[in-house]
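Number of protein chains: 2
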Amino acid sequence: MQKFNISFLPDKKKVFITEEVNLLQAAAEAGILVKGSCGGDGTCGRCKVIIKEGNYTTKQTGKLTKEQLAGGYVLACQTTAESDLVVEVPEASRLSEHQVLLEEETVGEAVSQTSVDPLFKKIKVELPEPSLTDSMDDIERLKMAVRKETGIENLRVSLNTVSNIPGILRKEKWKVTVSLADVLGYTEIAAVESGWDYQKYYGLAIDIGTTTIVVNLVDLESGQTIAQKGSYNQQAVYGDDIISRIVHATEEKNGMEDLRNAVLKSLNELISQLASENHIDINVINYAVCAGNTTMVHLFLGIDPKYIRLEPYTPAINIPEPIRAEEVGLQICKTAWVYCIPGIASYVGGDITSGAQVIGIDKTEKVTLFIDVGTNGEMVLGNQDWLMACACSAGPAFEGGGIKCGMRAMRGAIERLDVISDTLDVEYSTVGGAKPVGVCGSGLIDCIAGMHKAGIIDRTGQFSSNLTNQRIRNGDDGPEYVIVSKENSGNGQDIALSEVDIKNLIRSKGAVFAGIRTMLRKMDLPIEIIEEIIIAGGFGRHISIKDAISIGLLPDAEFEKYKYIGNSSVKGAKMVLLSKTARDEAVQLATKMTYLELSIGNDFMDEYVSALFIPHTDMTLFPSLSE
Amino acid sequence: MQKFNISFLPDKKKVFITEEVNLLQAAAEAGILVKGSCGGDGTCGRCKVIIKEGNYTTKQTGKLTKEQLAGGYVLACQTTAESDLVVEVPEASRLSEHQVLLEEETVGEAVSQTSVDPLFKKIKVELPEPSLTDSMDDIERLKMAVRKETGIENLRVSLNTVSNIPGILRKEKWKVTVSLADVLGYTEIAAVESGWDYQKYYGLAIDIGTTTIVVNLVDLESGQTIAQKGSYNQQAVYGDDIISRIVHATEEKNGMEDLRNAVLKSLNELISQLASENHIDINVINYAVCAGNTTMVHLFLGIDPKYIRLEPYTPAINIPEPIRAEEVGLQICKTAWVYCIPGIASYVGGDITSGAQVIGIDKTEKVTLFIDVGTNGEMVLGNQDWLMACACSAGPAFEGGGIKCGMRAMRGAIERLDVISDTLDVEYSTVGGAKPVGVCGSGLIDCIAGMHKAGIIDRTGQFSSNLTNQRIRNGDDGPEYVIVSKENSGNGQDIALSEVDIKNLIRSKGAVFAGIRTMLRKMDLPIEIIEEIIIAGGFGRHISIKDAISIGLLPDAEFEKYKYIGNSSVKGAKMVLLSKTARDEAVQLATKMTYLELSIGNDFMDEYVSALFIPHTDMTLFPSLSE
Ligand code: FES
Ligand SMILES: [Mg+2]
Ligand SMILES: [Mg+2]
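Chain order of the listed sequences is A and B. Following the UniProt record's numbering, the residues of the first sequence are numbered contiguously, the last one being 627. Following the UniProt record's numbering, the residues of the second sequence are numbered contiguously, the last one being 627.
To be clear, the hints were calculated from the coordinates, so they are not data collected in a lab. Accuracy of the hints is not assured; some may be wrong.
For identical chains, the list gives no copy identity; a pair is met inside one copy or between any two copies.
What the hints assert, rightly or not - Straight line, CA to CA, 25 Å or less: simulated DSS-like cross-link-like pairs of lysine-lysine:
#: 1; residue 1: K48; residue 2: K435
#: 2; residue 1: K173; residue 2: K306
#: 3; residue 1: K66; residue 2: K122
#: 4; residue 1: K265; residue 2: K306
#: 5; residue 1: K561; residue 2: K253
#: 6; residue 1: K522; residue 2: K306
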């Protein structure tokens with residue numbers, strides 16, 4: 001087999017690969033993270049690179065414009081070398097462009113001291129000195145002192161820790177600091193420190209999202225978040241969505257390892273930055289709580305996610321035991337425990353349990369709807385008496401996936417938008433106030449609402465045949481509406497929304513609404529019963545509730561019933577990290593939630609078809625829009 | 001520093017050592033186990049070797065006869081090389097001479113099937129197949145099935161095991177065999193095997209004695225002991241008694257490692273022999289239960305025993321958690337758990353708990369005395385209402401230690417003996433019927449009893465001045481009684497018991513009896529209250545109860561009250577291995593036993609002084625002897 005040198009520009013990184021390795025894999029090997037949204041299928045067109053020198057074989061999948069072809073662009077995933085190559089990776093094709101919206105307000109947010117009962121803590125104890133009349137063994141003596149101080153009955157000490165204890169106890173004249181780690185079912189005496197001037201100790205609250213990863217560094221004594229950092233999940237090289245990740249894990253050689261290493265690399269980079277910027281040693285990070293969807297947790301723990309994808313969609317595990325950091329590969333204190341918040345089903349994971357826990361859905365009388373719309377659209381409905389969860393495969397449209405001008409809520413994304421009814425002109429604002437380069441979820445909702453209101457599209461999303469305007473034209477995919485022309489855009493290209501894109505978005509919003517309705521139907525409840533609607537995730541941050549209702553994405557409820565909660569996944573992880581009670585409640589919550597599988601029966605399909613209209617076939621569901 | 005080659009004969013093993021390494025250490029390095037009873041102090045005189053060639057420095061400690069000095073004998077521990085050496089190690093100086101008396105009757109002894117509820121077992125389960133309406137995760141599904149089958153609530157699965165489970169469940173169409181390991185507080189799903197034709201599974205019951213180690217290989221399904229093997233504890237190279245082991249562990253560089261490796265080597269050799277002789281793979285040995293004294297358990301687990309030796313004599317740990325075989329270094333299935341039966345105090349260990357458990361002392365109405373006389377003399381007194389334990393530092397006299405003609409009950413040891421009153425001649429029998437080479441514990445008791453009865457010694461152990469007989473003479477240590485003359489012995493040397501030896505034995509028997517009396521005094525009970533006396537350990541095997549009473553070693557009770565139980569330490573380990581209930585009870589037993597520290601107050605000392613007579617100063621304690 002032949003081998004070739006591939007140099008990547010402008011990084012000047014080189015790899016030596018065999019002829020059958022494609023350029024997407026070669027780039028990953030060189031440490032350059034190229035977007036591989038479709039998992040290398042050639043269908044997303046995001047992995048564009050430019051061949052500067054050398055011979056190659058490439059497959060055309062119709063994802064490149066004539067200009068791009070002329071400029072030497074190829075899809076990295078479809079291209080292999082025939083000689084040594086020099087390849088340029090444009091900024092737009094790199095994962096590093098992704099930014100994570102962090103929530104400033106949570107940093108420095110203290111928890112009232114009294115309520116902090118973290119999963120790891122240090123306590124000062126003084127032991128009665130042994131004597132001939134009291135010759136109890138050192139470990140039992142220590143346990144007695146800890147029990148007296150904390151009331152904790154079920155204490156364990158691992159053998160490695162035992163060895164040092166007798167010496168320290170005597171050297172310190174029986175006054176020591178004891179580290180206690182809660183391990184779901186028992187408490188571990190994790191370490192014994194000299195004297196009472198102990199080292200500060202920290203924990204991590206982690207959200208492992210399919211797209212982004214957020215890590216909070218938490219002072220476990222004060223309960224304060226010291227710092228927060230977010231980044232893309234480097235698994236994105238192997239595909240944007242969960243399914244392509246599972247396919248890679250189960251069908252590629254070393255696929256599991258690829259994905260596990262990618263998420264660990266993402267996490268360990270963030271942890272190392274957090275530690276060095278805050279001048280703390282990674283060894284004083286003594287506990288980590290992770291929330292993530294079921295596939296993310298499987299991959300993180302190295303458990304084969306194969307059956308998540310196959311009917312009847314059963315996860316290997318919903319409630320994993322805590323595991324040592326060293327064993328899982330997280331670079332914090334080796335003996336620290338890493339706990340993953342329990343999930344509910346293959347497509348409703350620990351991130352949703354975490355969110356449900358934060359909003360206290362199991363403690364309120366009010367019937368509450370909790371929605372986290374990412375690539376999937378997971379929902380929980382219920383209150384203290386009953387709880388139901390479902391996942392509605394909304395698709396990635398609201399995250400910009402599958403929409404030509406779509407993008408995530410990053411710099412240059414149009415996040416709010418108004419269509420002026422008489423001129424059909426557009427007023428908009430972008431993330432960071434930059435020149436527009438695309439439209440993110442909230443902007444897309446506004447756009448459809450505006451286009452429908454202005455009569456550009458009808459209730460089915462079809463372009464009106466009797467409107468003529470310079471912004472309406474026939475594009476590659478049929479009729480389209482130009483939001484920003486290339487003269488005014490930030491990337492020299494028109495930003496336009498086609499009928500195909502609109503139908504896509506209608507399918508997404510229809511799936512979400514149908515999911516809500518199916519849960520209600522199961523309980524035989526009308527939509528008006530919902531007293532509170534809580535929206536989580538980056539998607540909900542900037543959306544106009546009014547426009548979301550007007551396109552039929554969200555229920556027609558009073559605005560006061562709506563609340564935005566941000567990254568509830570990481571918030572719940574922090575809550576659990578800081579409270580044993582919250583941890584226990586999270587397990588109960590996950591256990592008692594009824595999972596509704598939408599693919600059973602026709603209920604969901606019926607609701608879905610009815611929801612493929614703006615706002616819906618049944619207008620009585622949207623009374624405020626009929627006025 | 002100079003280095004020399006040392007060749008050992010007849011083994012023809014060579015080592016290359018630096019000039020400061022003594023020949024006892026050099027031999028250990030060469031894998032030749034020379035007796036180091038005193039731990040290399042030069043006081044026991046057991047490490048005799050013969051220098052055949054080369055120059056050396058040696059220290060005379062008066063332990064060698066003129067003949068031996070002339071023959072090139074030196075004490076290995078007191079000798080270092082000045083040139084390359086050729087050294088012969090006589091058979092008598094080798095540890096390998098030690099033999100362990102195994103108890104044939106326990107091999108093949110089945111336990112009634114219904115009572116076997118071992119700490120490791122395999123169960124067959126069939127899981128309901130998942131469906132869209134029942135998409136419970138695989139692990140929970142498995143746990144449910146196990147719970148249904150066994151009623152066990154608290155189940156855990158380690159992450160390594162989780163990964164394989166989904167695949168096996170589906171391949172086997174949801175019919176699998178599950179391995180369950182009990183881990184004190186929870187049950188671990190240790191493995192899932194394909195189908196219902198599972199592999200056989202085994203456990204080990206282990207007695208880790210200071211001198212000898214016994215391993216039982218147990219079929220965990222039938223509860224039957226497949227085979228038993230015993231051997232010396234290779235730690236003996238570093239000293240015969242517990243104190244010299246602790247000194248080595250705490251004061252020598254790598255001392256802890258030396259001792260840990262020695263006991264592991266002893267154990268792993270026995271295990272490997274048991275496995276190969278019985279044609280089983282070490283990986284199907286899935287659980288081990290160990291009983292040993294507190295110091296042995298500390299050294300086995302790698303825990304510093306330093307404070308066991310220092311007032312107020314506190315062990316680091318009495319109740320160790322179960323630990324993985326791989327972690328402790330036992331060569332059986334890596335993930336197998338190793339459990340050490342809990343101890344009570346520094347000098348009353350898990351071997352005594354184990355014995356107390358076997359005799360069911362906590363379940364009987366009868367006031368019972370349990371005695372295990374080894375180098376130490378540990379005792380338990382009590383019944384279902386109260387339990388007390390003590391250790392009386394009897395010294396190793398009854399194991400042959402410190403007695404010139406003393407030896408353990410091995411081939412050629414005089415085990416029973418009669419002094420003919422008129423001739424003062426001796427009738428005896430030896431272990432294995434071999435020519436006599438020494439006297440073991442039971443023979444020593446008989447001998448003193450006989451000498452006293454024949455008037456050779458008085459009640460204090462002093463030789464009578466008005467008796468003349470060819471067997472009574474003045475030896476190196478003053479007056480002595482020749483039991484066997486060199487013409488009739490198996491080693492060409494006289495076998496004689498001196499006044500010094502007799503005083504030594506009286507001190508030992510006095511300590512045991514004083515221990516019993518001190519416990520009774522603590523409870524304000526007379527000696528007649530004891531309804532049952534159970535003797536454990538190799539020592540008790542051949543003793544004449546009558547003679548033991550007549551010298552004042554054991555209480556003057558009817559013979560029917562006495563019972564010999566053999567190696568109760570390994571029996572208890574087996575009992576615990578085969579029953580969770582027994583395991584739980586052993587923990588309770590150890591916890592509820594009151595430890596009586598004999599060095600507090602004057603009670604023990606008073607009793608001890610009174611017991612330095614044959615049989616005792618207070619003859620009312622021995623009514624049967626006054627008749
Ligand atoms: S087209 Fe190459 S990764 Fe999607
Ligand atoms: Mg999320
Ligand atoms: Mg013993």
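Checklist entry - Among all the numbered hints in the text so far, which are the ones the structure does not match? => result 3, 5, 6
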